[in-house]
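Protein chains in written order, with the working numbering: chain A, 1 to 405; chain B, 1 to 95.
Everything labelled a hint here was simulated from the structure, so no lab data went into it.
Please note that the accuracy of each hint is not assured.
[Stated by the list, open to error] SDA-like, lysine to any residue: derived pairs with alpha carbons at most 20 Å apart:
no., chain 1, residue 1, chain 2, residue 2
1, B, Lys79, A, Pro174
2, A, Lys143, A, Ala153
3, A, Lys143, A, Ala208
4, B, Lys79, A, Leu191
5, A, Lys143, A, Glu176
6, B, Lys79, A, Gln180
7, B, Lys79, A, Val251
8, B, Lys79, B, Ile64
9, B, Lys79, B, Glu89
10, B, Lys79, B, Glu44
11, B, Lys79, A, Pro173
12, A, Lys143, A, Gln154
13, B, Lys79, B, Glu95
14, B, Lys79, B, Ala68
15, B, Lys79, B, Arg39
16, B, Lys79, B, Ser24
17, B, Lys79, B, Trp94
18, A, Lys143, A, Arg204
19, B, Lys79, B, Pro51
20, B, Lys79, A, Ala175
21, B, Lys79, A, Leu178
22, B, Lys79, A, Arg181
23, B, Lys79, B, Arg91
24, A, Lys143, A, Asn194
[To be verified] Partial pick of chain A residues on the chain B-facing surface, computed with a CB cut under 10 Å:
no., residue
25, Glu165
26, Pro169
27, Pro173
28, Gln180
29, Ala184
30, Ala314
31, Gly353
32, Leu355
33, Gly357
Note that CB positions come from ideal geometry on N, CA and C, so glycine has one too.
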Amino acid sequence: MTAPETVRAAVDAAYRDEWGQVVGTLIGLTGNWDLAEDCAQDAFAAALATWGRDGVPDRPGAWLTTTARNRATDRLRRDANGAAKLRQLAVLERDPAGPPAQEIPDERLRLIFTCCHPALPFPARVALTLRTLAGLGTGEIAKAFLTAESAMAQRLVRAKRKIVEAGIPYRVPPAELLPQRLAAVLAVLYLIFNAGYDEDDGRRALAAEGVHLARTLVRLMPDEPEARGLLALMLLLEARRASRTDGGVLVTLEHQDRSRWDRALIEEGLTTLDRALAARRSGPYQVQAAIAACHATAPDAASTDWPQIAVLYAELARLAPSPVVELNRAVAIAMADGIPAGLALVDDLTASGELDGYHLLPATRADLLRRDGRLAEAATSYREALELAPTEAERRYLNGRLSEL
Amino acid sequence: MEEILADPAHQAYGEEIARRGAVSGGARLRPVADATTVRVRDGETLVSDGPFAETKDFVGGIDIIECADLDDAIAIAAKHPYAGRGCVEVRPVWE
Chain A
1 MTAPETVRAA VDAAYRDEWG QVVGTLIGLT GNWDLAEDCA QDAFAAALAT WGRDGVPDRP
61 GAWLTTTARN RATDRLRRDA NGAAKLRQLA VLERDPAGPP AQEIPDERLR LIFTCCHPAL
121 PFPARVALTL RTLAGLGTGE IAKAFLTAES AMAQRLVRAK RKIVEAGIPY RVPPAELLPQ
181 RLAAVLAVLY LIFNAGYDED DGRRALAAEG VHLARTLVRL MPDEPEARGL LALMLLLEAR
241 RASRTDGGVL VTLEHQDRSR WDRALIEEGL TTLDRALAAR RSGPYQVQAA IAACHATAPD
301 AASTDWPQIA VLYAELARLA PSPVVELNRA VAIAMADGIP AGLALVDDLT ASGELDGYHL
361 LPATRADLLR RDGRLAEAAT SYREALELAP TEAERRYLNG RLSEL
Chain B
1 MEEILADPAH QAYGEEIARR GAVSGGARLR PVADATTVRV RDGETLVSDG PFAETKDFVG
61 GIDIIECADL DDAIAIAAKH PYAGRGCVEV RPVWE
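Take the sequences, apply the hints, and build the full model.
What follows is the structure, given as structure tokens:
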């Protein structure tokens with residue numbers, strides 16, 4: 001007999017580490033996403049029921065995969081009524097014992113590339129990744145994205161149907177498609193991380209899920225510097241999360257209590273980034289991680305290496321042009337070369353109209369004007385930003401600034 | 001498909017077409033939820049979910065092509081000259 005709490009802990013750990021692998025293997029064998037999820041669920045339930053009696057197996061992942069696979073065979077045999085199902089069954093039965101565990105290829109990579117295929121709507125890619133790879137329940141995912149559970153269930157059903165009916169291949173894309181498809185995977189993981197980053201409620205778990213998925217991807221694709229760059233970026237952002245708000249009010253980087261930054265996460269982020277950069281194939285996530293590293297390694301706000309950050313934003317603008325990147329570059333230029341140089345860039349952006357309606361444009365302008373001592377103009381820009389600010393936390397922050405002028 | 005074959009309205013239509021001897025090919029498209037739109041811009045293939053929806057667009061023609069999977073279909077769609085100007089919608093058919 002194994003103690004119930006030991007079993008519970010072992011099953012929880014296996015769920016976290018093996019769910020995606022079990023589901024991925026079953027999809028690979030049967031091509032049936034629903035069957036795969038159901039049988040994986042059954043296998044974990046069986047583990048809870050039998051590991052107490054028989055002990056926790058040496059290789060929980062192999063045990064779970066074999067159990068799920070046997071369950072799939074039983075179910076297909078029971079309702080074998082069509083040629084397709086019989087074909088699936090034949091595949092399963094050809095090798096009833098299963099390959100030895102050491103040789104089981106990691107199916108999670110095929111799974112993640114399929115979940116993040118660009119022919120699926122972006123929100124569905126996110127939901128499917130959380131469901132099939134991370135093992136989150138439909139209800140949990142719905143709550144995280146403030147959607148009704150029924151709507152989220154429908155989204156998952158439609159996505160799985162499209163994969164089968166439109167013929168989205170279950171595979172790691174070939175070399176010529178890989179760069180584009182990997183970018184799509186990284187975008188999904190980064191969104192998952194960001195959805196939980198600023199939250200203190202249930203959504204917080206998403207940030208940890210994002211880090212976990214990025215870690216898994218780095219293990220599976222050790223030669224992809226952008227995957228490592230994304231992981232580094234997440235770690236460096238996560239390191240300063242605790243100091244980002246104070247009593248529900250946003251605290252800007254400049255005013256954060258740096259003694260509360262997580263040194264261990266910063267160290268790991270920096271090591272991860274160094275390994276990514278060693279491949280000498282730059283990309284937007286590595287550059288963003290490098291910017292985060294500049295902040296993370298500055299002992300205080302005044303000693304931030306702004307010239308370096310300005311150069312990195314210029315590089316980011318080259319790799320992934322966007323007006324928001326330009327706005328960040330303007331701030332870095334202001335801090336490195338003087339406020340007027342940065343303000344000139346902000347004014348160019350305002351004139352272009354590309355960021356119309358974006359509250360951080362007038363908020364940034366206000367901040368630079370304030371630093372330059374042009375207080376009346378700053379007040380006008382703060383009021384403009386207040387009109388556009390989307391959240392209460394941000395309005396509180398802007399009001400605070402306005403009253404300090 | 002059985003439902004359509006059993007539907008009298010579809011049967012009557014099928015008989016009328018057969019009587020005219022004018023059938024030169026056709027296929028029943030799967031729903032728009034299964035559609036994928038392919039564009040090529042600056043040499044890059046852009047793939048998005050769904051049909052092409054701008055109301056001013058028009059369907060310029062159809063090709064029925066046997067493909068291994070959706071990636072194969074996307075690669076072929078991207079080679080179509082119109083993918084570089086307008087877009088090519090990929091729709092699976094019922095078999």
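Quick one: which hint numbers does this structure break? Sort them smallest to largest. Per hint list: 4, 5, 7, 13, 16, 17, 30, 31, 32 and 33 violated.
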